[in-house]
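**Q** Going down the list, the protein sequences come from chains A and B.
Using our numbering, you'd call the opening residue of the first sequence number 13 and step up by one each time.
Using our numbering, you'd call the opening residue of the second sequence number 4 and step up by one each time.
Heads up, some of the hints might be wrong.
Unchecked claim - Facing chain B, according to a computed beta carbon distance under 7 Å, are these residues of chain A, among others: (1) 66; (2) 69; (3) 252; (4) 255; (5) 267; (6) 268; (7) 272; (8) 273; (9) 288.
Note that these hints are calculated values from the structure, not bench results.
Note that the structure is a prediction, hence the values are computed from the model and not measured.
Note that CB positions come from ideal geometry on N, CA and C, so glycine has one too.
Each chain, letter by letter, is given below.
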Amino acid sequence: MSPAHLPDEPHLPDEKAFDDPEAPVVHRVRLHGLDSAVDLEVLEGEQGPEADEALVARLHHCWARCLAPTPGHARPYRRGTLLIDDADSYVPGAPVRVRLSAGTGGPPRTTGLVPVVRGDEPHALQQVTQQVTRALILSRRGELLMLHASGITDPATGRSMVFVAPGGTGKTTLARALGRRWGYLSDETIAMDADGRIWPYPKPLSIRGEQAYKVETSPDDLGLQPADTPAHLHRLVLLRRQAGVADPQVEDLSVVDAIQALAPESSSLGALHRGLHVLADVLEATGGAQRWTYGEHAGLVPLVVQRLGTP
Amino acid sequence: MTSRHAGAPTRRYVHSDRVADTLEAGDDTLVLTTNGLVRLSPLGAYLFTTCATPRTVEELVEALVAEFGPPPQGNQTELVELTLEELATAHVVQEVE
């Protein structure tokens, strides 16, 4: 397997710049999201070429929605990744690397300045998602308002709803439930300009099935709708799941209350010039945030229909 | 007015280097630092605003009394010092020599 062709722009870093002599690169693929990109390199693994080819095929399948630049993309990329455990070490242009090994592999290891994900396929795929997400977020640090959120968009108008919630509290489940009717923007990170333009990140979804671990799953396999129309924020919602709530409760939040709730669920807000003002302006332009307290996701569908209409 | 640290070098307080942004909305003041978001009390907001340039505790107390009059009860200096300590812990203000 030879390295995949990469476009001329931007220039890849010199291989010699990284202290990673362990294995040759057998495949490269550029992944897009947040109107940015990160290169993913598959290293020759310990399980043989067939396993490497299967990994590459699986990566392409899972990341099918991120293989092309975001519609409307019109700026030079400033790609990058990070040194593990040191968020200040931003390395523009460095790829994320993945290598199949025996066993589950453990946490990513930094070789030179490049995070290398190791493990069997399920664990490697999961860690690839985490590392690519971190790299993309860091590449837009100081440029976009970024929230831990899932999002959907009306494919006809681009009006979008963003659902902010801490990890493990239902963003992915909600994206699965709503993404079959409206366009899938992301189940983890929503990034927007100061004017509310959203730059999608339709990443694989981590789904816990019958297995003991989560499986990276393509949005195509879940029947999620594409988000090809330029998306802009219509309403921002803070989710609070509470057992026993039959009918969802909707609460309007003041700008200050909303910012106080949103700040912990943001990425690099402090690095964004006048970040609090950007967030306040976005909130005021979209009628302020709401908190939806709910028991089951199905109960939220009518609320979304009220705001976006039926797709 | 006597500082709790009489004899020590005069401490002055100023906005922390870690403050990234501030937002005033109605009666609320939010301060975003590299450690997170802080919602200030009215006293905290007054002290923070006044510490745009370095201020001693004594200067802050005098400014408070001039603005709002003497406190109905309690020791204003202790209250200011305690509030400044909280603001410093939250990286909203910092001490300077």
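**Q** Run every hint past the structure and note whether it holds.
**A** Against the structure, the hints come out as follows:
1. 66: violated, 43 Å
2. 69: Violated - the Cβ of residue 69 of chain A stays beyond 7 Å from chain B, reaching only about 42 Å at its closest.
3. 252: violated, 19 Å
4. 255: violated, 29 Å
5. 267: With a closest approach of 6 Å, the residue 267 of chain A hint holds.
6. 268: holds, 4 Å
7. 272: With Cβ-Cβ at 6 Å, under 7 Å, it holds.
8. 273: violated, 10 Å
9. 288: Holds, about 4 Å.
In the structure shown, a violation is registered for the earlier hints numbered 1, 2, 3, 4 and 8, in ascending order.
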